[in-house]
Amino acid sequence: MMDELANRQYPVKEHMVFQRRTWIVQRFGWVILAAICIAALAGLFGSGFLSSRTVEGVGMTVRYERFERATRRSLFSFHFTPGQSSERRLHLSRDFQDKFEIASIEPQPVRSVAGADGLDLTFAVAPSAATQVAIWARPHGYGSVAIEAHADGNPPSNLRVFIYP
Amino acid sequence: MDSVIKACIVYFVLWAIIRISGRRTLGEMSAFDFILFLIIGGSTQRAITGEDYSLTNALILVSTFVVIEIVLSLLDLRSPALRRVFEGTPTVLVENGQLMTYRLQRTRVTEDNILEAARRLHGLTRMEQIKFAILESTGKISIIPESDQPALNTAAR
Numbered sequence: 001m002m003d004e005l006a007n008r009q010y011p012v013k014e015h016m017v018f019q020r021r022t023w024i025v026q027r028f029g030w031v032i033l034a035a036i037c038i039a040a041l042a043g044l045f046g047s048g049f050l051s052s053r054t055v056e057g058v059g060m061t062v063r064y065e066r067f068e069r070a071t072r073r074s075l076f077s078f079h080f081t082p083g084q085s086s087e088r089r090l091h092l093s094r095d096f097q098d099k100f101e102i103a104s105i106e107p108q109p110v111r112s113v114a115g116a117d118g119l120d121l122t123f124a125v126a127p128s129a130a131t132q133v134a135i136w137a138r139p140h141g142y143g144s145v146a147i148e149a150h151a152d153g154n155p156p157s158n159l160r161v162f163i164y165p
Numbered sequence: 001m002d003s004v005i006k007a008c009i010v011y012f013v014l015w016a017i018i019r020i021s022g023r024r025t026l027g028e029m030s031a032f033d034f035i036l037f038l039i040i041g042g043s044t045q046r047a048i049t050g051e052d053y054s055l056t057n058a059l060i061l062v063s064t065f066v067v068i069e070i071v072l073s074l075l076d077l078r079s080p081a082l083r084r085v086f087e088g089t090p091t092v093l094v095e096n097g098q099l100m101t102y103r104l105q106r107t108r109v110t111e112d113n114i115l116e117a118a119r120r121l122h123g124l125t126r127m128e129q130i131k132f133a134i135l136e137s138t139g140k141i142s143i144i145p146e147s148d149q150p151a152l153n154t155a156a157r
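Chains as they are written, first to last, in our numbering: chain F, 1 to 165; chain D, 1 to 157.
Keep in mind the hints are simulated off the structure, nothing from the lab.
Quick caveat: nothing in here was measured; it's all calculated off a predicted structure.
Treat the hints loosely; a few may be bogus.
Here are the computed distance ranges between Cβ atoms for each label pair [unchecked claim]:
hint, chain 1, residue 1, chain 2, residue 2, range
1, F, Asn158, D, Thr56, 35 to 43 Å
2, F, Arg63, D, Ile68, 24 to 32 Å
3, D, Gln45, F, Ala126, 41 to 49 Å
4, F, Val55, D, Ile40, 35 to 43 Å
5, D, Ala58, F, Lys13, 40 to 48 Å
6, D, Glu69, F, Phe28, 23 to 31 Å
7, D, Phe86, F, Ala134, 33 to 41 Å
8, F, Ile32, D, Glu69, 24 to 32 Å
9, D, Thr44, F, Val25, 19 to 27 Å
10, F, Ser144, D, Thr44, 40 to 48 Å
11, F, Ala124, D, Val4, 45 to 53 Å
12, D, Ile70, F, Phe18, 20 to 28 Å
Stretch by stretch, here's where chain D covers chain F in the computed footprint (C-beta under 8 Å, at least three residues) [as the list claims (entries may be wrong)]:
hint, stretch
13, 5-12
14, 21-30
Where is the CB? At the ideal position from N, CA and C, for every residue including glycine.
Turn these sequences into a full structure, and let the hints guide you.
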């Protein structure tokens, strides 16, 4: 029985200690790569059950992605609870403007005001109907962002987003 | 600035992934492996360039990659230990016609792979005709025939 773990000097100079370490590191690497795939399927890097968030706030419910990726367009959807007014106001804090570039807003706001503390959007709605506003936006930069979203001046819903580079 | 950093990150992540995947995947590239590498290239390319398709960015990226290559090759020259880490080491897989099963299993090379290399490189058909089979650090299999069975190299035929 030959010793497969011994170094050969001929025909090539081997380094079996290093080689065996490489094999061990490789196997660890396979586990890490598989873990990345599984985490991605679960939504750790956006779009999946780990990422989808629904926040029930005062006056509205917000659906968004907890994990975002830089430059990837994603949806924030705001569901207003039915009210008497024919106008609904949505206020998004400054962090939203800083970290996201708005690609489209559906329906178009009748008024859009950029103030010192963020973005104020006013939508025309049919009274006593549930209204949905969709904002498509692209994050840039990376890291954690906490966005405050107010419906009609009510206390804010906190949207926590992590942006991957 | 961020182009240089992105290029460095992509270089080392890709290097790590290719090293993790093992030499077996690299050397004997099938048609499908080739397509796979094109896809890997395509998916990383967009991450590096982003929305910046400028000539300046392309020049920055190409310069960064070439500089990394040069620096690594200079480091390789100075330190054999680093060379092992970056390039790997050759491993003998067949010794005097005997398959080294533990090594084959670790490197994910099969007996058929070795016989194929023996046929292709030296026109050998049996394991006993092989004195040494070596998996090189490039991922290719080299064959050294038994000396009493002179190699029928393709040029002689």
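Hints, verified against the model:
no., hint, result
1, F:Asn158 / D:Thr56: 35 to 43 Å, "holds, 41 Å"
2, F:Arg63 / D:Ile68: 24 to 32 Å, "violated, 43 Å"
3, D:Gln45 / F:Ala126: 41 to 49 Å, "holds, 48 Å"
4, F:Val55 / D:Ile40: 35 to 43 Å, "holds, 38 Å"
5, D:Ala58 / F:Lys13: 40 to 48 Å, "holds, 41 Å"
6, D:Glu69 / F:Phe28: 23 to 31 Å, "holds, 27 Å"
7, D:Phe86 / F:Ala134: 33 to 41 Å, "violated, 49 Å"
8, F:Ile32 / D:Glu69: 24 to 32 Å, "holds, 26 Å"
9, D:Thr44 / F:Val25: 19 to 27 Å, "holds, 22 Å"
10, F:Ser144 / D:Thr44: 40 to 48 Å, "violated, 26 Å"
11, F:Ala124 / D:Val4: 45 to 53 Å, "holds, 49 Å"
12, D:Ile70 / F:Phe18: 20 to 28 Å, "holds, 25 Å"
13, 5-12, "holds (count 4)"
14, 21-30, "holds (count 6)"
This entry does not satisfy hints 2, 7, 10, going by the numbered hints stated previously.
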